[in-house]
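So the sequence lines, in the order shown, correspond to chains A and B.
Note that our numbering has the first sequence beginning at 1, numbered continuously upward.
Note that our numbering has the second sequence beginning at 1, numbered continuously upward.
Heads up, some of the hints might be wrong.
Using 25 angstroms as the maximum straight-line C-alpha spacing, the simulated PhoX-like pairs for lysine-lysine come out as follows [stated by the list, open to error]:
#	chain 1	residue 1	chain 2	residue 2
1	A	Lys16	A	Lys37
2	A	Lys61	A	Lys16
3	B	Lys32	B	Lys85
4	A	Lys16	A	Lys64
5	B	Lys85	A	Lys64
6	A	Lys10	A	Lys26
7	B	Lys32	A	Lys64
8	A	Lys10	B	Lys32
9	B	Lys32	B	Lys72
10	B	Lys72	B	Lys41
11	B	Lys41	A	Lys26
12	B	Lys32	A	Lys61
13	A	Lys61	B	Lys135
14	A	Lys61	B	Lys84
15	A	Lys64	A	Lys10
16	A	Lys61	B	Lys41
17	B	Lys135	B	Lys85
Just so you know, these hints were derived from the structure itself, not from any lab.
Keep in mind it's a predicted model, so treat the numbers as computed, not measured.
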Amino acid sequence: MAPSGAPDLKGDNLAKKYPDAPPDLKIIRAVSPGTTKLIRQMGVSLLHASASFGPNETVMKLGKIIPPNEVTDDTVRDMLFKEAELRRINGETTVRYEEEDEILAYAA
Amino acid sequence: MPEALQVPQLAPDDIAGNHNILTDEFTSRYIKRAHISLLAKAQRYDPDNPFCGYDQTFWPAMPNEHSELAAKVILGGFFRMLPKKMDRLFYQPFAERVDEIADSLHENPLLVVTGHSPDLVAAIPVHGISKAVAKNQPGDYLQNLYDIIKESHAVGTRGFVPLRFRLPPPIKPENKFLVRAAQLVFGVHFTFPRAETMRESGISLEFIDEYNARARADCLTAVQQPSRHPDGLKQV
Numbered sequence: 001m002a003p004s005g006a007p008d009l010k011g012d013n014l015a016k017k018y019p020d021a022p023p024d025l026k027i028i029r030a031v032s033p034g035t036t037k038l039i040r041q042m043g044v045s046l047l048h049a050s051a052s053f054g055p056n057e058t059v060m061k062l063g064k065i066i067p068p069n070e071v072t073d074d075t076v077r078d079m080l081f082k083e084a085e086l087r088r089i090n091g092e093t094t095v096r097y098e099e100e101d102e103i104l105a106y107a108a
Numbered sequence: 001m002p003e004a005l006q007v008p009q010l011a012p013d014d015i016a017g018n019h020n021i022l023t024d025e026f027t028s029r030y031i032k033r034a035h036i037s038l039l040a041k042a043q044r045y046d047p048d049n050p051f052c053g054y055d056q057t058f059w060p061a062m063p064n065e066h067s068e069l070a071a072k073v074i075l076g077g078f079f080r081m082l083p084k085k086m087d088r089l090f091y092q093p094f095a096e097r098v099d100e101i102a103d104s105l106h107e108n109p110l111l112v113v114t115g116h117s118p119d120l121v122a123a124i125p126v127h128g129i130s131k132a133v134a135k136n137q138p139g140d141y142l143q144n145l146y147d148i149i150k151e152s153h154a155v156g157t158r159g160f161v162p163l164r165f166r167l168p169p170p171i172k173p174e175n176k177f178l179v180r181a182a183q184l185v186f187g188v189h190f191t192f193p194r195a196e197t198m199r200e201s202g203i204s205l206e207f208i209d210e211y212n213a214r215a216r217a218d219c220l221t222a223v224q225q226p227s228r229h230p231d232g233l234k235q236v
């Protein structure tokens with residue numbers, strides 16, 4: 001599943017939510033506490049499959065399988081921080097996760 | 001009042017109207033953008049079509065010998081990749097770790113966390129894991145694939161209300177529908193996404209919220225059911 005349930009925030013939608021942000025940013029939306037709670041209720045193992053469709057290369061990287069008893073409230077958001085990082089490394093330089101400090105500053 | 005809420009909304013009990021906003025504003029555009037017009041069409045509201053009903057949030061998957069081809073065509077077309085490259089990028093990583101994945105599936109259901117850019121990213125691991133697990137098991141590959149699909153996949157309505165996948169013409173009428181599928185992936189929390197475009201479409205937000213709540217409850221129930229897989233593998 002894509003935890004935010006919606007594509008990257010960009011373009012007009014980015015400008016509406018973060019008017020001061022550079023217009024070329026692409027923001028992976030924050031995972032909501034409700035989604036985190038639901039995932040924990042489901043009692044499932046988690047596997048992060050991060051993908052980047054960069055300007056030069058497409059990559060997919062798998063994380064380790066995390067059993068349900070090791071899943072915390074931060075597990076999914078940590079995965080999304082890593083997702084943004086992988087995409088940046090792969091040439092998608094304007095990708096951020098919505099809870100990164102830079103984006104939180106635009107929201108302030 | 002936020003700007004998006006100024007758009008007049010349909011009544012939540014106007015099932016046909018809300019359904020047709022989904023098909024006309026979202027599904028049809030999605031099909032076009034995903035380059036799958038030859039394979040899929042959006043189903044406008046038809047009270048006699050059980051897939052237009054909203055009492056259920058998903059139906060059992062019905063895999064057949066065309067399922068893998070359909071997935072390849074859809075994903076390959078969407079990501080503009082040849083099968084060999086797709087296998088290298090999207091199947092091989094799962095095949096390399098299939099023993100670990102299968103061991104994990106004996107213990108617990110597995111939720112694969114992905115991004116959402118572009119669309120259909122979440123379909124890649126569902127496809128890759130199903131194929132890797134089926135190939136790794138003894139016996140007939142197709143039967144193994146059916147078994148893991150039946151255990152793991154469901155046909156959800158999501159924002160993409162009944163898509164019907166079909167082979168490109170020419171084809172015999174009796175073979176027309178390949179998969180009575182809506183989507184390859186089902187968003188657990190926000191089955192109907194609450195994106196800006198959705199809020200601005202005039203669809204009833206109450207309709208969306210009620211449906212999402214039901215889908216969440218159904219997912220929780222489904223994931224906690226005992227496995228029906230012959231080898232006891234749990235859901236992906």
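Verification of the hints:
1. Annotation: proposed proximity of A:Lys16 to A:Lys37 is violated, straight-line Cα distance about 28 angstroms (limit 25 angstroms).
2. Annotation: proposed proximity of A:Lys61 to A:Lys16 is violated, straight-line Cα distance about 32 angstroms (limit 25 angstroms).
3. For the suggested pair B:Lys32 and B:Lys85, the alpha carbons sit about 23 angstroms apart, so the restraint of at most 25 angstroms is met.
4. Using a Cα cut-off of 25 angstroms, the hinted pair A:Lys16 and A:Lys64 is violated, with the two alpha carbons roughly 37 angstroms apart.
5. Restraint check for B:Lys85 and A:Lys64: the C-alpha separation of about 24 angstroms stays at or below 25 angstroms, so the hint holds.
6. Restraint check for A:Lys10 and A:Lys26: the C-alpha separation of about 5 angstroms stays at or below 25 angstroms, so the hint holds.
7. Between the alpha carbons of B:Lys32 and A:Lys64 the distance comes to roughly 36 angstroms, so the proposed pair goes past 25 angstroms and is violated.
8. For the suggested pair A:Lys10 and B:Lys32, the alpha carbons sit about 21 angstroms apart, so the restraint of at most 25 angstroms is met.
9. Proposed proximity of B:Lys32 and B:Lys72 is supported: the alpha carbons are some 17 angstroms apart, at most 25 angstroms.
10. For a cut-off of 25 angstroms, the pair hint linking B:Lys72 to B:Lys41 stands: about 18 angstroms separates their Cα positions.
11. The suggested pairing of B:Lys41 with A:Lys26 is violated, with an alpha-carbon distance near 30 angstroms, which exceeds 25 angstroms.
12. Distance check on the hinted pair: B:Lys32 and A:Lys61 sit about 29 angstroms apart at the alpha-carbon level, beyond 25 angstroms; violated.
13. For the hint pairing A:Lys61 with B:Lys135, the CA-to-CA distance comes to about 21 angstroms; that is within 25 angstroms, so the pair holds.
14. A threshold of 25 angstroms between alpha carbons decides the hint, and for A:Lys61 with B:Lys84 the separation of about 18 angstroms falls inside it, so the pair holds.
15. About 30 angstroms separates the Cα atoms of A:Lys64 and A:Lys10, which puts this hinted pair outside 25 angstroms; it is violated.
16. Among the hinted pairs, A:Lys61 with B:Lys41 is inconsistent with the structure: their alpha-carbon atoms are about 33 angstroms apart, more than 25 angstroms.
17. Among the hinted pairs, B:Lys135 with B:Lys85 is consistent with the structure: their alpha-carbon atoms are about 19 angstroms apart, no more than 25 angstroms.
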